[in-house]
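On the provided structure of chain A, position chain B as indicated by the hints.
There are 2 protein chains.
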Amino acid sequence: MALVVQKYGGSSVADAAGIKRVAQRIVATRKAGNDVVVIVSAMGDTTDELLDLAQQVSPLPPGRELDMLLTAGERISMALLAMAIANLGHEARSFTGSQAGVITDSSHGKARIIDVTPGRIQEAVRAGQIAIVAGFQGVSQDTKDITTLGRGGSDTTAVALAAALAADVCEIYTDVDGIFTADPRIVAAARQIPRISYEEAMEMAACGAKILHLRCVEYARRFELPIHVRSSFSSREGTWVVSDPNTEGSEMEQPIISGVAHDRSEAKITVVGVPDKVGEAAAIFKTLAAAEINIDMIVQNISAAATGRTDISFTLPSADSTVAVTALKRIQEQIGFEKILFDDQIGKVSLVGAGMRSHPGVTAKFFGALADAGVNIEMISTSEIRISVIVGQDEVDAAVTAAHRAFDLDADQVEAVVYGGTGR
Amino acid sequence: MALVVQKYGGSSVADAAGIKRVAQRIVATRKAGNDVVVIVSAMGDTTDELLDLAQQVSPLPPGRELDMLLTAGERISMALLAMAIANLGHEARSFTGSQAGVITDSSHGKARIIDVTPGRIQEAVRAGQIAIVAGFQGVSQDTKDITTLGRGGSDTTAVALAAALAADVCEIYTDVDGIFTADPRIVAAARQIPRISYEEAMEMAACGAKILHLRCVEYARRFELPIHVRSSFSSREGTWVVSDPNTEGSEMEQPIISGVAHDRSEAKITVVGVPDKVGEAAAIFKTLAAAEINIDMIVQNISAAATGRTDISFTLPSADSTVAVTALKRIQEQIGFEKILFDDQIGKVSLVGAGMRSHPGVTAKFFGALADAGVNIEMISTSEIRISVIVGQDEVDAAVTAAHRAFDLDADQVEAVVYGGTGR
Numbered sequence: 001m002a003l004v005v006q007k008y009g010g011s012s013v014a015d016a017a018g019i020k021r022v023a024q025r026i027v028a029t030r031k032a033g034n035d036v037v038v039i040v041s042a043m044g045d046t047t048d049e050l051l052d053l054a055q056q057v058s059p060l061p062p063g064r065e066l067d068m069l070l071t072a073g074e075r076i077s078m079a080l081l082a083m084a085i086a087n088l089g090h091e092a093r094s095f096t097g098s099q100a101g102v103i104t105d106s107s108h109g110k111a112r113i114i115d116v117t118p119g120r121i122q123e124a125v126r127a128g129q130i131a132i133v134a135g136f137q138g139v140s141q142d143t144k145d146i147t148t149l150g151r152g153g154s155d156t157t158a159v160a161l162a163a164a165l166a167a168d169v170c171e172i173y174t175d176v177d178g179i180f181t182a183d184p185r186i187v188a189a190a191r192q193i194p195r196i197s198y199e200e201a202m203e204m205a206a207c208g209a210k211i212l213h214l215r216c217v218e219y220a221r222r223f224e225l226p227i228h229v230r231s232s233f234s235s236r237e238g239t240w241v242v243s244d245p246n247t248e249g250s251e252m253e254q255p256i257i258s259g260v261a262h263d264r265s266e267a268k269i270t271v272v273g274v275p276d277k278v279g280e281a282a283a284i285f286k287t288l289a290a291a292e293i294n295i296d297m298i299v300q301n302i303s304a305a306a307t308g309r310t311d312i313s314f315t316l317p318s319a320d321s322t323v324a325v326t327a328l329k330r331i332q333e334q335i336g337f338e339k340i341l342f343d344d345q346i347g348k349v350s351l352v353g354a355g356m357r358s359h360p361g362v363t364a365k366f367f368g369a370l371a372d373a374g375v376n377i378e379m380i381s382t383s384e385i386r387i388s389v390i391v392g393q394d395e396v397d398a399a400v401t402a403a404h405r406a407f408d409l410d411a412d413q414v415e416a417v418v419y420g421g422t423g424r
Numbered sequence: 001m002a003l004v005v006q007k008y009g010g011s012s013v014a015d016a017a018g019i020k021r022v023a024q025r026i027v028a029t030r031k032a033g034n035d036v037v038v039i040v041s042a043m044g045d046t047t048d049e050l051l052d053l054a055q056q057v058s059p060l061p062p063g064r065e066l067d068m069l070l071t072a073g074e075r076i077s078m079a080l081l082a083m084a085i086a087n088l089g090h091e092a093r094s095f096t097g098s099q100a101g102v103i104t105d106s107s108h109g110k111a112r113i114i115d116v117t118p119g120r121i122q123e124a125v126r127a128g129q130i131a132i133v134a135g136f137q138g139v140s141q142d143t144k145d146i147t148t149l150g151r152g153g154s155d156t157t158a159v160a161l162a163a164a165l166a167a168d169v170c171e172i173y174t175d176v177d178g179i180f181t182a183d184p185r186i187v188a189a190a191r192q193i194p195r196i197s198y199e200e201a202m203e204m205a206a207c208g209a210k211i212l213h214l215r216c217v218e219y220a221r222r223f224e225l226p227i228h229v230r231s232s233f234s235s236r237e238g239t240w241v242v243s244d245p246n247t248e249g250s251e252m253e254q255p256i257i258s259g260v261a262h263d264r265s266e267a268k269i270t271v272v273g274v275p276d277k278v279g280e281a282a283a284i285f286k287t288l289a290a291a292e293i294n295i296d297m298i299v300q301n302i303s304a305a306a307t308g309r310t311d312i313s314f315t316l317p318s319a320d321s322t323v324a325v326t327a328l329k330r331i332q333e334q335i336g337f338e339k340i341l342f343d344d345q346i347g348k349v350s351l352v353g354a355g356m357r358s359h360p361g362v363t364a365k366f367f368g369a370l371a372d373a374g375v376n377i378e379m380i381s382t383s384e385i386r387i388s389v390i391v392g393q394d395e396v397d398a399a400v401t402a403a404h405r406a407f408d409l410d411a412d413q414v415e416a417v418v419y420g421g422t423g424r
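For the record, the sequence lines run as chains A and B.
Taking full-length UniProt numbering, the leading residue of the first sequence gets 1, the next gets one more, and so forth.
Taking full-length UniProt numbering, the leading residue of the second sequence gets 1, the next gets one more, and so forth.
Treat the hints loosely; a few may be bogus.
[To be verified] Covered stretches of chain A, as calculated for chain B (at least 3 residues, CB under 8 Å):
1. 16 to 30
2. 57 to 63
[Claimed, not checked] Under the rule of at most 30 Å between Cα atoms (straight-line distance), these lysine-lysine pairs were calculated in the BS3-like manner:
3. A:Lys110 to B:Lys20
4. A:Lys144 to B:Lys144
5. B:Lys339 to B:Lys277
6. B:Lys20 to A:Lys144
7. A:Lys31 to B:Lys144
8. B:Lys110 to A:Lys20
9. A:Lys110 to A:Lys210
10. A:Lys20 to B:Lys144
11. A:Lys144 to B:Lys110
12. A:Lys144 to B:Lys31
13. B:Lys110 to B:Lys286
[As the list claims (entries may be wrong)] Chain B stretches covered by chain A per the calculated footprint, using a threshold of three residues with CB under 8 Å from any CB of chain A:
14. 53 to 60
15. 84 to 92
Keep in mind the hints are simulated off the structure, nothing from the lab.
Keep in mind that this is a model prediction, so the values were computed, not measured.
Every residue gets a Cβ at the ideal spot worked out from N, C-alpha and C, and that includes glycine.
For reference, chain A alone in the conformation it holds in the complex (with noise of 0.2 Å):
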């Protein structure tokens, strides 16, 4: 009998036909032998209203509240779902997140599980009953004041738990058939990856793949926890994320690109006329990292000989310049720098592939690609596994297509499909 842990999304679960539907496809997991544990999300657009409420009463809520107002969210969620399926005549008990033993650090908002002790989970699944756990939420050790662990919380919550229950799978249920080559909506011939390894999917989540969230990826690699991606609307194979996802007898040679993913939610800003002196970089980004920006590329030119001066030149979230494009000013006088440049209008796009470590052309495949599609590039970034460049926004659609047509990802040139993200 495998232990089988199912997350199911805010959309699989938006409303009472929702609910059920999602109960019918746990019962037959059950049915098939095995034991199950399910994380669910809020229902629909539940965590959105109750922020609105939050705002209504007061402009800057408090994180404790905030925390405690939303999740009540899963709890309406887990408990129809429980009920749902007693009335399929199977038992099912829902926990929250601190009965489930998701215990986290005090960061209201973006709290980070530091331990699980699921004791009433395992007692629950020993007495043959369906579990049903809240994700998004945990309970912080020190002060036991209830958390929520941010963006990804939910799939964080279900990897976290299925390791600590030493799950055969982590099912993450989503709307989509699974990880895919490119964005379909970008280009039509992007093919579903039937295997991927954590290492690329990692990459995929940090550079605009939003299908798994990077936590929830990290986390399953630390464990060798499979997660199977797959859609809540159909009962097709989805994604495997694994180890190594070559090992099934596969002979066939490492493709060099998995995928093509893209991410517009950034901003990029420009420090200009920097004095190239030793620590002025480093009290810029000391700075940021004192506001809690995360600061994703960087690139600093040569100084200019005439001037002794250089521009430094970062992105970051979008949602986080104005705080940021502030905290420059504030130092703008003891640095000594000239102006500050801000640019929203630009899109990342980047090559993925566990393959790239032992082809050295990839780097001028892809740039040549972009050079004849006519797209500039602005910023540049790589890792062992990863090629990333900025360009402008409006320039995005045509860069992922040249580089999945490049790397000979379209479905009808290759046979083995291997990798990309939506980019959602």
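Leaving out everything else, chain B in the frame of chain A:
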């Protein structure tokens, strides 16, 4: 510095504007130099909306899951109230029933409080914070599952917490000005009662006055905790429920009747032709008790010598009548009674007053007033400080009006106004 416990019902926090208004009232109490602990119900129609969702996924939802679902309601209102208070510059922290130490038995949907361990609330108060506690909910001692307290649950939470915290007063905020000598919608001359005893308030609650629930007054009486029932829409003094309402330097004689309560929610069942043998009545009421039906009044006629049979009539909540009739039909053959008569077109009118102990003529005066008003009495029941009669449902208004006038309760008749219930 006094410790004030305040309870706000769902109509007081029905929307963002209501929550902000309640927040201002709480802050005003704090600014007046008091420590404040607040118990809050779910917003307006939230509970009904959640029940409706539950019905959509399951016709008979398990009690444990229904409690998990419904407790989301207070979680939302208490977090929003804490935010609204924070927005006024005061520190507030919300606590679930479980966090506030409300320990109950495991009877989902109608749990009883068996202990209150308010350590976290005391800690918050000592830290100068305003504690906001979810009404209506607790956690079971045995299973650690979330429970709800059933009807009148938030009032009971308020009184139980106030007792455990040794509060100076428990203020119950509602949408009327306090307890009245009769329902003002029936008796225009009804007057608000300034002070009333626990015993009288309990009889009023048991006889259909809906302002305070019986359980909550019982609890307050046991701990001699003063309750102040008042409106959240005005700053007027309301009704004080206390041990001895006449202590305050008043030398006037206790009024005979404090108020007239009525109740249209009961039905009457008559079991016709019960063999007049030892144990038959016991068998009937044992069956009803097993079906968890609360019987109110019981009348058994003297058996007719010719037949050796008798009729037994009793009243019960109309909502329970289908279950009761079904249970009785199952034992009809065994007991050998002839038939069951059912009547839900009845009403109960009750005179309540501690003064009637020393005034033997009350019953005669009450029945005389009803006779003059042409009201026929179907059943009678009495306690030391109450007389109740069952009348036709369409005669309730006439009976209440006649009794109110007969005992000099009308506003233009008495100086010291005493006591009653709105009967909502």
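Hint by hint, here is what the structure shows:
no.	hint	result
1	16 to 30	holds (count 4)
2	57 to 63	holds (count 6)
3	A:Lys110 to B:Lys20	27 Å, holds
4	A:Lys144 to B:Lys144	16 Å, holds
5	B:Lys339 to B:Lys277	17 Å, holds
6	B:Lys20 to A:Lys144	27 Å, holds
7	A:Lys31 to B:Lys144	29 Å, holds
8	B:Lys110 to A:Lys20	27 Å, holds
9	A:Lys110 to A:Lys210	18 Å, holds
10	A:Lys20 to B:Lys144	27 Å, holds
11	A:Lys144 to B:Lys110	27 Å, holds
12	A:Lys144 to B:Lys31	29 Å, holds
13	B:Lys110 to B:Lys286	21 Å, holds
14	53 to 60	holds (count 7)
15	84 to 92	holds (count 4)
The structure meets every hint from the earlier list without exception.
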